[in-house]
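Chains as they are written, first to last, in the numbering used here: chain A, 2 to 66; chain B, 4 to 241.
No false leads were slipped in.
In silico DSS-like links for lysine-lysine, alpha-carbon gap of 30 Å or less:
(1) K61(A) <-> K72(B)
(2) K207(B) <-> K61(A)
(3) K20(B) <-> K82(B)
(4) K20(B) <-> K61(A)
(5) K222(B) <-> K61(A)
(6) K61(A) <-> K233(B)
Label pairs and their in silico Cβ distance ranges:
(7) D83(B) <-> W30(A): 37 to 45 Å
(8) P27(B) <-> N13(A): 56 to 64 Å
(9) D25(A) <-> H234(B): 43 to 51 Å
(10) E64(B) <-> V62(A): 29 to 37 Å
(11) N13(A) <-> Q126(B): 49 to 57 Å
(12) K27(A) <-> Q118(B): 34 to 42 Å
(13) V62(A) <-> T80(B): 26 to 34 Å
(14) K82(B) <-> V62(A): 25 to 33 Å
(15) R26(A) <-> T129(B): 53 to 61 Å
(16) A148(B) <-> M63(A): 20 to 28 Å
(17) M63(A) <-> D24(B): 15 to 23 Å
Which residues of chain A face chain B? A partial, calculated answer using Cβ under 8 Å:
(18) R59
(19) K61
(20) M63
(21) I65
(22) D66
Everything labelled a hint here was simulated from the structure, so no lab data went into it. From a predicted model like this one, the values you see are computed outputs, not experimental measurements. Just so it is clear, CB atoms sit at the ideal spot from N, CA and C, and this is done for glycine as well.
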Amino acid sequence: MLRPGHIQLPKNEAAEAERAAGFDRKQKWKELPGNRYTPEELKQMSGEFADCTMHKRRTKVMFID
Amino acid sequence: MPLPKVNDWAAFRRHLKLLSDEFPDQFTGWVLIGGGACWFYRTVLERWADADFPAPNFSKEEEEGWLSKDIDFMGATVKDAEALLGAPFKAETHTISFRGIEVDFLEQGVRLTRQDAVRNARQARTPDFIFRVLDAGWLYAEKLAVVHNKERLQDRLHLRALETFLKCEFCREVEDPATLDADEWVERARTVKTSDHDFFSRDKVLIARLQSGIRALVKREHRALKHWAKHHLPGYTE
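The shape of chain B in the complex, shown without the other chains:
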């Protein structure tokens, strides 16, 4: 039986919170991946409401295929998860049922490992609970690998949302020098460019915004980013 589809951040958040409340010790070690993580980044992108990089407009059919109702994590083995959630792993849906939620724990992605996920997670804070989510750059790299290996509509949609999110985030960060972490920015840019060589060279809007943002940086700790731009951002000069 196929799982129902859901495009509702509030419901998705309730499910995460339920898991957080029930398993406070273990939940902090789990990293949200897959469609749920893409959904989180898409929701953030919508709230940023950036004029250059709006959240993609999907058709009704695309929206219906966007996100299945299971929640994918990395950070625990299926065996441990079965014991913790007190229910068996269902091969049919590749999930474990827990109080109306379908939860999956993946031990290996197409190129993503459990260690990668644990080491490259962000912390997402809501007003009432905290969860960990795979870094957008790593998620993008994994989605690209999935798209190259599988023909599934939702992966292409996730990829479009993630690509837009990353472009927007790269720009917003260089435009806010007070909070910019240049080393982290460059590390993410490398992850993205390694998986998608043309990422920084095919979008004129992205190039122009990054050029002006990076050119305006003056702090010593932002030198690494300026150096990166000289080598990887088309047309960038000081």
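Here chain A stands alone, though its shape is the one from the complex:
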């Protein structure tokens, strides 16, 4: 569940330790077999992304009458 922005995370030592443990758990999950994209999967995804129209830069506008 998302935490609303106005509710601050606790800053005490126990809370910090809990967050660190959570980070470790997530990292261990990432390293389990099958939880990372293979190079082939990444390549395939790149190909799919290539069809998206994404304008990173500002569109240059010209005027003519």
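With chain A fixed as given, assemble chain B onto it according to the hints.
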């Protein structure tokens, strides 16, 4: 039957507007390429009337071969275009006829892809409609590739007009710091230099104007351009 030739911006604009009016949703996704796009840049160059980079003077014979009357786009497949325009693709002219206009939708250029075209389009605004046109740097790179692969007079003429347009635009932009987008300028310069290695080093007028224009830039956001000049513009020093 060969297509008639036309060198008339007003007529060309009318054709674009007709397509824009008839297909408002789809038209914004189409990118003008080929001779029509070159014609647009040539027309802009003529209106700039720059003393150093005037629009090329072509002979009568060259003018007659400048632009065929078809309009080339990228951004839709031939199949989709056939369905939309309600007419079959004609292999003879490589176009689809629509109310007196010959329209072509290319899916692949010599090096240009549909994705390249869609991602590198400019927006051209006329008083009564808007269209998208392939960026001049990308169009130049594609025309160079075409010239290396095919012997057609019009491609060499288009290339001359585009080269002059790009030189003029590069100069005009650095001379107007208020509207200069340094990142976009450098990106276009890279596209052009990648396809034409000597572009920035063979024309003394271009070099001199760029040198003085870039040297005069003082804003922090123009640093990338100054950095580019140190590496790519002959004789440039601060």
